[in-house]
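Could you slot chain P onto chain E? The hints should help.
Residues per chain are reported as follows:
There are 2 protein chains.
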Amino acid sequence: MLNKKENYEVAVVGATGAVGRRMLSTLEERNFPVAGLTALASARSAGQTLRYQGRSIEVRQLNENSFKGIDIALFSAGGAVSRQYAPIAVESGCVVIDNSSAWRMEKGVPLIVPEVNPDALGDKPEIIANPNCSTVQMVVALKPIHDRYRIRRVVVSTYQSVSGSGQKAIKELEQQSRAVLDGKPIEKKVYPHQIAFNCLPHIDVFLDNGYSKEEMKMVNETRKILGDESIEISPTTVRVPVFYSHSEAVYVETEQPMTAEEIKKLLSEFPGVRVVDAPGKNEYPLAVEAAGKGEVVVGRIRKDLARENAINFWVVSDNLLKGAALNAVQIAELLIKRVSS
Amino acid sequence: MLNKKENYEVAVVGATGAVGRRMLSTLEERNFPVAGLTALASARSAGQTLRYQGRSIEVRQLNENSFKGIDIALFSAGGAVSRQYAPIAVESGCVVIDNSSAWRMEKGVPLIVPEVNPDALGDKPEIIANPNCSTVQMVVALKPIHDRYRIRRVVVSTYQSVSGSGQKAIKELEQQSRAVLDGKPIEKKVYPHQIAFNCLPHIDVFLDNGYSKEEMKMVNETRKILGDESIEISPTTVRVPVFYSHSEAVYVETEQPMTAEEIKKLLSEFPGVRVVDAPGKNEYPLAVEAAGKGEVVVGRIRKDLARENAINFWVVSDNLLKGAALNAVQIAELLIKRVSS
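Those protein sequences? They're chains E and P, same order as listed. Heads up, the first sequence is in numbering that gives the first Met the number 0, so the first residue is 0 and it goes up one at a time. Heads up, the second sequence is in numbering that gives the first Met the number 0, so the first residue is 0 and it goes up one at a time.
With the rest of the complex left out, here is chain E (with noise of 0.2 Å):
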C-alpha cells in the first residue's frame, strides 16, 4: 500500500534487460518523483552501472531484502523472478508494478491500462499487472469503440517486433541478417528458425488448443481490461524481422453500426492514441516511425466491404513503451495521483 509523499523510493528488478532499460530512461523522461533509484537485476548482471539522470547507478543482485523502505517497484525480469519477489516486495510494504504474465489474470490482481480501466486500480492494490505488449496497443484503439458500439468480435493478426523477446532477439536479428546478406550460415539461439528476411507464427509456447500463449494473452487480458468476457477474439500473432515496435491488423465486428469517419474522430480524441491515415499520401502508421515513442498510432481505418458493423485498422507502437516500460510508469503515476487526491 502506497503513502503519499513528495517523492517515492522506487527500484526496478530486471533493470539491465530491454524493458527495464526502458523503464529507468520512462521515469527520468516524466520526471516521475523519484527520491532514490534502485536497480536490481540476477547475479549476472549484478555490478554493472545504469546511467539514471546523469548518475552511474550500480545493479545490485535481487535478493529477499531488495525491497525494504521501497514504495514503488517495477517489475521485468520473467514470470518466475515475479512469482517468488513481487510478495516479498508487497510483503515489505512495496507495491509491486508487474510487466510478466504471472499475476496478469489473477483473480483481484488489476490489470491496467491507465487510459482504458483506471478504475480497475482498486483501493489498495499491492500488485498491479501491467499487461502485455501485443494487447495494451489493441486494447487503447478497442477501447473508445467499445463503450460507443459494444464490440462482439475482433480478429487480429500480429507483426511484433524482436525487441519482444529481449537483447538477445535484437542481436540475433542484426547478426541473422549480416549472414544472409553475406551469404554465410546462420546461428540460431533465440527462435527456433531463421527470423532474418522470415516470419515466424509463433511467439510464447503452443497450447493444446493449438493457440499459443501469446495469443491466449490477447484474447483473456483483453476482455479482463474492457470488463466483458463476451468479447470474441480470433488471434494470429507473428514475429517479423522488425527490431522495434509491434504492428497489427485489426478486423472489429460491434453490435451497432459505424462509419470509418465515427471511428477516425473517435480515435483521434482519445488519450494516448495519434491517427496517421492519408494512404493517399503515403501516411500510415509504421514500425520504424513509433519507435521510441510513446503513443498508440492508428490508421488504414476503413469500413468492411460488406458489413454496416464492421471495421479494419492498422495500429501500431513500441512495445518497450506503450507496450510495457510506459503503461508501467504510467500506472505509478496514476497510483501516487490516487494517493495525493
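If you're looking for bench data, these hints aren't it; they were derived computationally from the structure. Wrong hints could be hidden among the right ones.
Said to hold, decoys possible - Stretch by stretch, here's where chain E covers chain P in the computed footprint (C-beta under 8 Å, at least three residues):
1. 113-124
2. 195-201
3. 274-286
Predicted model, so just to flag it, every value in this text is computed and none were measured. Quick reminder that beta carbons are idealized off the backbone N, C-alpha and C, glycines included.
Below, chain P alone, put in the same frame as chain E:
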C-alpha cells in the same frame, strides 16, 4: 486458339523480370513441350542473354510482329504491356496467359488456378488471366473448404515479400538492410518508406474506399475463381522485409460447422497443398522454407475459440512460383492437355 502439336512455340514477355526468369526455369524443370522459346522484353532489356536448357537465348525487343508463329505467350511485363500486346498476340493466333492484372476481371476472360477452377477455362480461350500472387495461395487453401462447408466470410492479413515488386525491390531490401545495420542513411526508390526492418500496410495504390488495389484484387479475384459472389472478404495487405514467399493469416467462417482435424485432412488431400502443422515441434509453414518450391503450405490450422463454424490458418507459398510463374505454366499444361484429349 491452340492446335494440337507435339511441341509448342512459346514466348515469354518480360523474360528478364523476376517472374519472367521463373517462367523460363519452370518451363525447363517441368519439361514443358517447347519447340522453340522466344524471350521478349522492352528495348531497355533487349540484347541481354538468358539461359534455357543449357543454351543462351538472346532477349528480343517486343513489337507488333513478335508473335508470328508463336503458339503460347506467357506475359509478365505489367498491365500496360498486356493491355496493348495481348490482343495483338491473339490476332497472330497465339493463346495468351497473362500474369498482369489487366485482364483478370474482364468478362469472358478466364481467371484460372488449375487445381481450383480448371473448367472455367472454357472451350476456346484466347487470353487467360493468371491471378494475383496473394490470391492464388489463399484460394488454393479455400477451395476444398468452400466445397465442403461453404465459405461465407474471410478475414485475411498478408505478410508479402518484396520480390512481388520485382528485382529492384529485392535490391532495395538488400541495400537498405545493410545501410541500417551499418548505421548509414537509406535510399528509397521502390517503396515510399523504409522497407528494411519495417512493415508497410501498403501494396499497390489506394482507392477511394480506403482499400488498396491489392486488397481489392484479393476480394474480386477470389470470388471470380470460386464462382461465388456472396463470399465476404476483409483483407489487409502488408509488405514485410522478406525476400521470397508470401505468408497469410486467414480467418474463415463457413455455413456448416467444421473441426480442425477435418480441415487438415481436406487440405492434405488437395492437390498442390502440403500441410505442415505440428506447432509443438516448431513445425509450421515458413517463407524461407517455401521459397523456390511450388507448393502451397498450410499450417496453424485451429478452430476459432468461440464459433463452431470458424477456423484460422497460416498459408505460405513462393509468390514468384505458385503465385505467378508456376501457375502460368500449369495453365499452359492444362491448355495442351485439353487440345490433346
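Here is how each hint holds up against the structure:
1. 113-124: Violated - the stretch 113-124 of chain P has 0 residues with a Cβ nearer than 8 Å to chain E, which falls short of three.
2. 195-201: n = 6 at 8 Å, threshold three: holds.
3. 274-286: That given contact holds, which follows from 7 residues of the stretch 274-286 of chain P lying within Cβ reach (below 8 Å) of chain E.
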